[in-house]
Every structure is written in C-alpha cells, then in structure tokens.
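Colleague: In order, the protein sequences belong to chains V and G. Everything in the first sequence is counted per our numbering, starting at 1 for the first residue and increasing by one. Everything in the second sequence is counted per our numbering, starting at 1001 for the first residue and increasing by one.
Hints in this document: simulated from the structure, not taken from any laboratory. Mixed in with the good hints, there may be bad ones.
Said to hold, decoys possible - Reference excerpt, derived from the structure (chain G facing chain V, CB under 8 angstroms, subset only):
id: 1; residue: Phe1008
id: 2; residue: Asp1030
id: 3; residue: Ser1032
id: 4; residue: Leu1052
id: 5; residue: Leu1071
id: 6; residue: Gly1101
Glycine included, every Cβ here is placed at the ideal spot set by N, Cα and C.
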Amino acid sequence: MSRAGDRHSSGEPRNRLFPVGLYATLLVGMFGVTFPELIAPVESVARTAVTLPLRAYSILFDGRPALAASEPKASLQGVVGLSQSTLRGGSGPVGYSPRVCLVVDRRVGPLGVVDELILARSRDELMGCAPLVTVGHGLVGFLDIPAHGRPGDRRAQFGKELARVRLLHYRGRRRTTKRPLRARDPFPVARVAAQVTCREVDAQGVLHFLVVPARAVDSWPLRCTLLDNPYLGSRLRHSGDMVTTSETDDRSIPAGLQVGRLMIWGYPQLNIPVGLFVEPIRDPRGISSVVVWEAADGGSVPASTDAKERLIPVWFSRFPAPRPVRERWLVTSNAGSTLPNGAALLDRALDGGRFLGLLARPWSGQSLVTPFSASTRIWAFLLRSLDGHVHELVGRVVGHAPDGRLRVKILAPDNGWRLRGELLTGVNGPHCPAGLAIGRAEPGEAGVADVATPGTPRVFSPPAARGELLVTIPDSVVSDPRIFVSQRVLGTAR
Amino acid sequence: MIAWLLWFFVALHLFLLDGWFAGLTDHVPDLSLSIALFCALYAKPKALPGLLLCAALSRSVLVPGSAALHLLVLGVPVAVLLPLRGVFSRGSVLWPCLASGFLAFVLPRLSGLLFRLTAEGGPALPMTGFEIFVAMCVIPVFTLALRSVPPLSLFQEEGP
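The following block holds chain V by itself, in its conformation from the complex:
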C-alpha cells in the first residue's frame, strides 16, 4: 500500500502551518453553504458513491420491499376539521361567500420570517375573489391577484401558477422593486386601518391607526403608525388587547376582523411606551388553510387542482447515527423513481398511516430520514381536541420526558400547550400534507418566562410563558423494527 500525501511538506514550513489547500476547501464550503443548489448535483453523485456500503447492508440485512397500499386515509378527518375551524366565525365583504383553500407551501421573506403562503388553487381559479384572506375571525393577508380581474386577462403562465397570499407583514422581494409599479400589479405593501379599545384607568376610548409591516429591527412583524390620538397611545400600559380592522370607506375589508394583539414596547417601570406593535393572531408557520372570499354570483371558475397523493413504495433500513440524532433511516425507491424532497414518510402498518419523518435531499432514488422524534426543525401541527375542534400549532421537538413521551415545545399560540387531543401534521411543505397522525398529546410543563434586565426596554405586561405538550407515540415506532416492513412515501402528483 503506497504512502499518500505530500512527501516534501517538511521542507515548506509556511505551507505546513498555513496550507492554502485547506483554506481553499473552506472557501468551497462557504460557497456551498451560501449557494447549496449549485453544488447539489456534485454532492448527489458523491453521496451515491459514499452510501454504497449502506445500500449493500440494507439489501443484505434489514431492508425489506414495501407492499402496495391504498390511498392514505389519515389526513381526511384532520383536514375536514381544519376546514371547519378555518371557517368558524369568519366574516367577509358583502356579496362574497367563503371558500376554504389549503396551503401547500410557505415562503420566507427578506426579514427571515414567513410572509407568503402558496395555496392549492391557481390564480385563474381565484380570479374575481375579494382580495382579503381570512382564517376564522382573523385577517391574515391579501391575494396577489387583481381584485376585479377575469380569467385569462393576464399572462397565461401567471394565471396557471398557484395563487399566493401576501401576509400583512409581506415585504416586496428585490426582484419586484427593480422595476416601476404597473397599474395591474398587486399592491406592494398592505396598510390596514385598525383600532384598539383602550381600557386604562386614565385612558379610555378607541385608538385608531394604520397597521403596516415592521422594520427588520422590530420585535414584531407589524407596527402601528399614524395614530389618531397620540396622547391616548402614550397612556397605554398593557399589551395583549385585540387589534381589529376599523370602519373605512374601503368596503372590501369589513370592520371587526382581528388583526392581532397589541404589543407595547418601551420602559414599563417608567411608564414610557416607545412603540406600538401588533403580533399577528396566527403564526404564519402554522397556517395550513385559509378562507378566500369569492363573488356570490359565481364569477370565478372553479376547477379541481387539489394535490393528488400517491404512494411510492420504498425499501427501508435504519442505521445508528451520532448524537443528537442517534438513528437515521435510509429509504430507497425500489421502483427506481425519483423521490420528492420533503416528502412524508408514513408507517402504513399503524392505524392506516402514521407520520414518521421527512425525506431530506433525496439523491438517485435514495434519501435519508431523520425520525420525527429526533428532528430539530420547527413543525406546523394540527391538534384535534377532544371536542372535535382542530387547532393550528407551531412547535419543535425538544427531547423525551422520563416516561418516554416526546416533549414538544409549542411556540404558537401561547396557550397551545394546554390542549389535549390527537396531534397531526400541519402543512410542512408541498409534499407533506396536513392531517397525518403523529400521536396523542397531553399538556406538559409550562416554560419559564424570560426575565428582562432592569432598565432595558421590553414589552409591557409580557404574555405568559410558553409550555410543552407531551406526545405519546406508539412504542413500536421507537423500538420494534418490524413496523418498517410496510413503509410508504407520500408524494404529490404534478
């Protein structure tokens, strides 16, 4: 076996201590982190080669071909309940009727937060709908299509694309700001006339203002501007009051829709508010369906573009992995088909389908899956409570309780950790639909509220600390490898 490497390195002390090759490699790494899509093909080929032993082990030892199965049924109940919850209590403009649209994906804006939702309907289908989009009592954003357009009156490709909802804190992308605004373009930034009822001892009344997207340095995505009574605003002492849309000449936005909760930022000990902000009533990372308002005269042209689910049979095998993951699964398409990135891996042997994890960066018909219980990402959940209501939650797996149950920290809404019921997936990408069963959830422990340093600005009367849900996942998912006999990957047919 021959010696590898440099035979003359000892004679070049500078290159020995500061090797140019190493720094060039790190530059390549930085390039790869910044532009992952550019090096993805190379990485895909390299991964195919490096995982050849894993594939061989999978065939030799514990890999098993999956069997064909029927369409998943797990998502239906959850989605139906979600639609009912989305519609409940909603009100829209006069002459329009509500229509539930499922969300298929979300887009992160320039400020690093989700500010755009992609719906399961094309723009042509929603042409003629009112611009506003609601969820329950709340106003969440506006459609990115003209309010009074007709099908086919824009470029054909534009109309065929999936419709998008620009949330209230939507910020224009750089691409759109380079050219001047055209008459038919959707309005770039939402400005909503809103109001809040002041209930302070020394300040009572209704404060009117405009709600606009906040700046990058602000702690909340929406801020209040153009207060009609600045004195009243300066006397506010308590955060958390509900901000609602106010009566204006614009009849397309009815009064009374909830925008979010008022957050007062400043120096509470000195009774000096510095800024008024609004925390949206729903975390956009958790919104899985919305209500659009279509003209009651049936002007829009509905067509079925609901995502059709298909099951791809896969081979499945598991391998030990370093901490904190501890275990990773290799799934291989035994039909040679391409696996969609972000598809949900289901266990069909349990109750007609149980969610196990998401495929990450598939290559050459293979993919690795981090088990849901070891995942580190933020998830959109649905929780079907015992009374049948479906709640949208946002949370993250933070570990295991001593009794083995999974600890899921609920990030939104604040009181979401107090719920009890069946935990389901929300929409977590175009190939992970809402309503896949995860486990049974019960309230866990409340978190510890953040303690601010005296003298620093902070929110007046901060909301309660967030807590955790304890989720019971069937034991067999964790310990019995036989459940891996029948695995399916849920994809979306295009």
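Once you have looked at the hints, place chain G on chain V.
Modeller: Chain G only, in chain V's frame:
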C-alpha cells in the same frame, strides 16, 4: 490512491461506529472530534482537503446538514489549531488533551451558529464541563488508535 479509496469508505463507518457507541452510552464523546484532532495535529497538510471532504460527506449522511456545512464545522477548528503545530511539540501529552477540549467546546457551538445562519443541521447542544473533560481524556486515545492503522496512518505527517 488505495489509501484515499479506503478513507472514502471507512469514514462513514467511523460515524456509524460513533452512532453505535451513542446508542450504548451517553458518555462516549463524538468521534468527529478524533478526526478533527487528527487533521489538526498529525495529518499531512496537503492531505487535509481530501480528508476533510470525505469526512464531511460521510458525516452529512448520518447527521442532518449538507456536506458543505459539515466541511465548515470540521474544517474551521482545524484551520485554527493548525498553526499551533509550530508552537507545541508533537510528542507532548498535554497538547492533544487541550486541543481535544478546544474541539469539544467549539464544534457544537459552531454547528449551532451555522444552524442559526443557514437553518441547516441542528441547533447547538453544547457539551457540559464534564463531557469536555471526558473528551480531553478519551479523544487523544481514540486518535492514537486511529492513526495507528490504515488509512489514517498513511496520511500521517512524518517526523517525531
């Protein structure tokens, strides 16, 4: 060439072994630290890019995150420690222990930082003081074992 082929396929098995250890006990430190320690203290400088690339690629198979991300997680601490070869003696017993402690402290934090910046990989799970102490004791021994056998023995810098 044979050495490179060996390393290309053996690196993945080192991480599999690491995962197997992790399933047995919580007290065995991450084997990635051994690879980083070998690269920083003992590897031939011109072999570093290949060693790190193969290690990062294999690590990305079993730990969430792209190969580029793992290249930075493993490579940046190596780049920091490498110039100190001119200061410390290779025969020192204390130096590998200190370097192991540094790596055990830095690697999880660097991983967490990159997770915050790129949303790839996983959040930081910093080691406790006890875990760093265990790493300082165990990682030099692991590294000694690794550099005693091929393929890493073939990439070892010659000298005292």
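Colleague: All the hints need checking, so say for each whether the structure fits it.
Modeller: Evaluation of the provided hints:
no. : hint    : result
1   : Phe1008 : holds, 7 angstroms
2   : Asp1030 : holds, 6 angstroms
3   : Ser1032 : holds, 7 angstroms
4   : Leu1052 : holds, 6 angstroms
5   : Leu1071 : holds, 4 angstroms
6   : Gly1101 : violated, 18 angstroms
Checked against the numbered hints given earlier, the structure breaks only hint 6 and satisfies all the rest.
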